[in-house]
Structures are given as C-alpha cells and as structure tokens.
Amino acid sequence: MGKTFTVAFEYPSGETEEVVVGEDEYVLAAARRAGLVLPSLCEQGWDLACAVQVLEGEWDNGDARRYYAEDERAGFALICTAKPLSDMRVRTHQTAAMRSERDANGLPTPRGT
Amino acid sequence: MEASDKPHASGKVPAGDTTQRVGVEAIEARGVDVEQLVEKLIDAAGAEFTTYYYYTILRMYLAGEEDYKEICEDARLEDRAHFELITPRIYELGGTIPYDIRTFADRAGCPDAYLPGTQDGSKAHVRDEIVADATPAAILEVLLEAERCAIRTWSEVCDLTFGKDPRTYDMAARILNEEVEHEAWFIDLLSKERDGVVRPSGHFRRGEPGDAPYSKNRGFYNP
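Chains as they are written, first to last, in the numbering used here: chain F, 415 to 527; chain P, 1184 to 1406.
Only chain F is shown next, with the shape it has when bound in the complex:
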C-alpha cells in the first residue's frame, strides 16, 4: 500500500471509529476490511445507499456511476466508489439527506434506498 489516510466514521449514535484507507482504495472497502458495518446497495456509486456527509477532508468520487458537482459542493460522498485525498471525517447514514439535496437541485435519484 502506498500513501494512506485516516478516515473517521461518525455514526448517528455519536460513536466514532477510525480506519486507515489507502490512497487507491475505496473508503467503503477499507471500512469493511476493518470490520465496520455500513449500509450499501448497488456498490457502483449510483443509488445513495452508502452516502456520507464529509465533515472534514477531501475525496475523489470520479469512479461513481452517477455523481454530480452539486453533490460534492454539498459535501456528500458515495464511499463505495470514493478514494480519500486527505484524512477525512464523515457522518454515516446520510442517504435521506443526500436524496433531499438531489431533489432540491432537481437531480435524479432512486427513491427506495
């Protein structure tokens, strides 16, 4: 593994867990390897099931199948296809919030995740 970053996952309960993620690794894959249980569904950066709010740090979601500049500006990442560009702190379980952001911007999204 080359360069690594630390990603802190903040759960709705307030608990936080930290995981080391390689620069070429998807955040969700690293979290799973570390034993974290996080939601996901399509795992192709499409359906928002794995959405997080990025509280600190930078990321690259270029591999997501559907991801908009508005999503990034609003601080939402799809971690199944996101690589870290720095240490990060993220709030998990943000599917509904990201869908609201898509709706507010008139952007498409599945409704059932």
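Hints were generated in silico from the structure; no laboratory data involved.
Every residue gets a Cβ at the ideal spot worked out from N, C-alpha and C, and that includes glycine.
Among the hints, erroneous ones may be present.
A few chain P residues that don't get close to chain F, going by computed Cβ distances all over 12 Å [what the hints assert, rightly or not]:
#1 Val1205
#2 Ala1230
#3 Asp1311
#4 Phe1345
#5 Pro1349
#6 Glu1364
#7 His1386
#8 Phe1387
#9 Gly1390
Listed next, with one range per pair, are the computed distances between beta-carbon atoms [what the hints assert, rightly or not]:
#10 F/Ala518 with P/Asp1311: 40 to 50 Å
#11 F/Glu429 with P/Ile1284: 39 to 49 Å
#12 P/Lys1347 with F/Leu450: 23 to 33 Å
#13 F/Asp474 with P/His1191: 55 to 65 Å
#14 P/Pro1197 with F/Val451: 40 to 50 Å
#15 P/Ile1334 with F/Leu450: 16 to 26 Å
A short, non-exhaustive set of chain F residues, derived as facing chain P with CB atoms under 10 Å [what the hints assert, rightly or not]:
#16 Cys456
#17 Gln458
#18 Gly459
#19 Asp461
#20 Arg479
#21 Leu521
#22 Gly526
Start from chain F and add chain P according to the hints.
Same frame as chain F, now just chain P:
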C-alpha cells in the same frame, strides 16, 4: 356456526371496504414497511426495464460472438420477464410505476448499462460508425456489473420480506435465482474472453431464448 369458529372471516378492514387491502394490512402487521417496499420495487423495476433496453444494444455489438450474443439475449429477455413480474406486485401493494418513463429510468436502482465507447450514452450516432471500444470483453464487463447490482437489489428485497411477506419474497427469490445465474454466465464468458481462464458457470443453454425458468413459469400471468 359461531363467528369465532372462523377467525379469519373478519378483521380490521370492514366488510365491503375497497379503500383498504387485507393483503397489505397482513404484511404490515408482520413488520413490513409497505411504503418503503413499494419504492424499492419501483426502483428495481426501473433497473430491470433499463437493463432490458441497454442489453438490446449490447447484444448487437457481440456480432460474430454468437455464443455471447445468445446468452446476452437470454439475460435481456429474462430481465424483461422480471419487469413484468414486479409490476403487478407494485400495484397490488397500492403503488404505481411513474407516469413518465423518463422519471422511471432516472430512479432506477442500478446504473445504466451503456455500450462501452459511447461516453455514457452521450456519443452522437453516426451511421455505420465503428464503436472501437465496444469489444466483447468490455461489453461482458458491463453485463457482469449490471447483474451484480441486480443480485444486491434482490437480496435486499428477500431480506426485507423473509418470513413477513411471502408473496413478494417468492417473487424476489425467483428473480434472484436468475440474476445469480446471469452473473455466473458472465463470469464464465469474461474469464475466457478477457483473462484466458476457465471459471465454469455450471450451466448450459436455456431451452429457448429468455426461458426464465424461475420467473416465467406461469404463462398466463407473465406471458
């Protein structure tokens, strides 16, 4: 005979009331969030429908690879069969598919299975143009990932309905059976085409194109 001898002859839904559904009430009572389930089924139906559409294109570009083409055709027709199977269940549960097909495609639960080399479908069509990146291996990769998304989708529906909603569970399990077979086919073909190795699917050809042995065994319901 006393009414108590027939405990299922009445319930919370008043006799003659057509505004409520016992078929919905019964699964809600067992813990199913029907509103959420319907939304998931609509997303899933959208994914099956768009996949059917995109596979129509993908199979055209497998010219000369007749075995690949036939298997893509099986998966294409079976995904259509899945759409046909899901849709009645959405209405039974009080839902509807979107009135506008654009809305339907936009909310599909899985990505568009674009032909490789078309810039996610945005490439302008030029008559008889060669789409250089639409190689058999690239097409098989698209097909494989589409099937994987479907497996994840139907596994989730099975999880949500197991032991609570036997009708939706049965439908989801039938579809899942076929999606798992589709994945096995495309692993088999892609391994040989791209990697030069054999990873057998364990399957042989369908009896007829799009046979859908699990999801289309009732011709009247899903012709």
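Comparing the hints with the structure gives:
1. Non-interface status of valine 1205 of chain P relative to chain F is upheld: no Cβ of that chain comes within 12 Å, the nearest being about 24 Å off.
2. Chain F draws alanine 1230 of chain P into its interface by the beta-carbon criterion, the shortest separation being 9 Å against a cut-off of 12 Å.
3. Against the 12 Å criterion, aspartate 1311 of chain P stays outside the reach of chain F, whose nearest CB is about 29 Å from its own CB.
4. With a closest Cβ-Cβ approach of about 17 Å to chain F, phenylalanine 1345 of chain P is found to remain outside the 12 Å limit, as its non-interface label requires.
5. No beta-carbon of chain F is positioned within 12 Å of the beta-carbon of proline 1349 of chain P; the least distance is around 20 Å.
6. Separation of glutamate 1364 of chain P from chain F is adequate, the least Cβ-Cβ distance of about 20 Å exceeding the 12 Å criterion.
7. A cut-off of 12 Å between C-beta atoms confirms that histidine 1386 of chain P is not in contact with chain F; the least separation is 24 Å.
8. Every CB of chain F is more than 12 Å from the CB of phenylalanine 1387 of chain P (nearest about 30 Å), matching its label as outside the interface.
9. Taking the minimum C-beta to C-beta distance to chain F, about 31 Å, the non-interface status of glycine 1390 of chain P holds against the 12 Å cut.
10. Evaluation of the 40 to 50 Å hint for alanine 518 of chain F and aspartate 1311 of chain P yields a pass: the beta carbon distance comes to about 44 Å.
11. For the pair glutamate 429 of chain F and isoleucine 1284 of chain P, the beta carbons lie near 43 Å from each other, so the given range of 39 to 49 Å is met.
12. Lysine 1347 of chain P and leucine 450 of chain F have their C-beta atoms about 28 Å apart, which keeps the hinted 23 to 33 Å range intact.
13. Separated by about 57 Å at the C-beta atoms, aspartate 474 of chain F and histidine 1191 of chain P satisfy the suggested range of 55 to 65 Å.
14. The hinted window of 40 to 50 Å between proline 1197 of chain P and valine 451 of chain F holds, with their beta carbons roughly 44 Å apart.
15. Evaluation of the 16 to 26 Å hint for isoleucine 1334 of chain P and leucine 450 of chain F yields a pass: the beta carbon distance comes to about 22 Å.
16. Given hint, cysteine 456 of chain F at the interface with chain P, holds; its Cβ is 5 Å from that chain's nearest Cβ, closer than 10 Å.
17. Residue-level restraint check for glutamine 458 of chain F holds (minimum Cβ-Cβ distance to chain P is 5 Å; threshold 10 Å).
18. At a threshold of 10 Å, the smallest CB-CB gap from glycine 459 of chain F to chain P is about 8 Å, leaving the interface hint in force.
19. Below 10 Å, beta-carbon pairs count as interface contacts, and aspartate 461 of chain F has one with chain P at about 5 Å; its hint therefore holds.
20. Interface hint status for arginine 479 of chain F: upheld, as the beta-carbon distance to the closest one in chain P is roughly 4 Å, under 10 Å.
21. Interface restraint check for leucine 521 of chain F: the shortest CB-CB distance to chain P comes to about 9 Å, inside 10 Å, so the restraint holds.
22. Look at glycine 526 of chain F: its Cβ gets to within about 3 Å of chain P, closer than 10 Å, so that hint holds up.
In terms of the numbered hints stated before, the structure departs from hint 2 and from no other.
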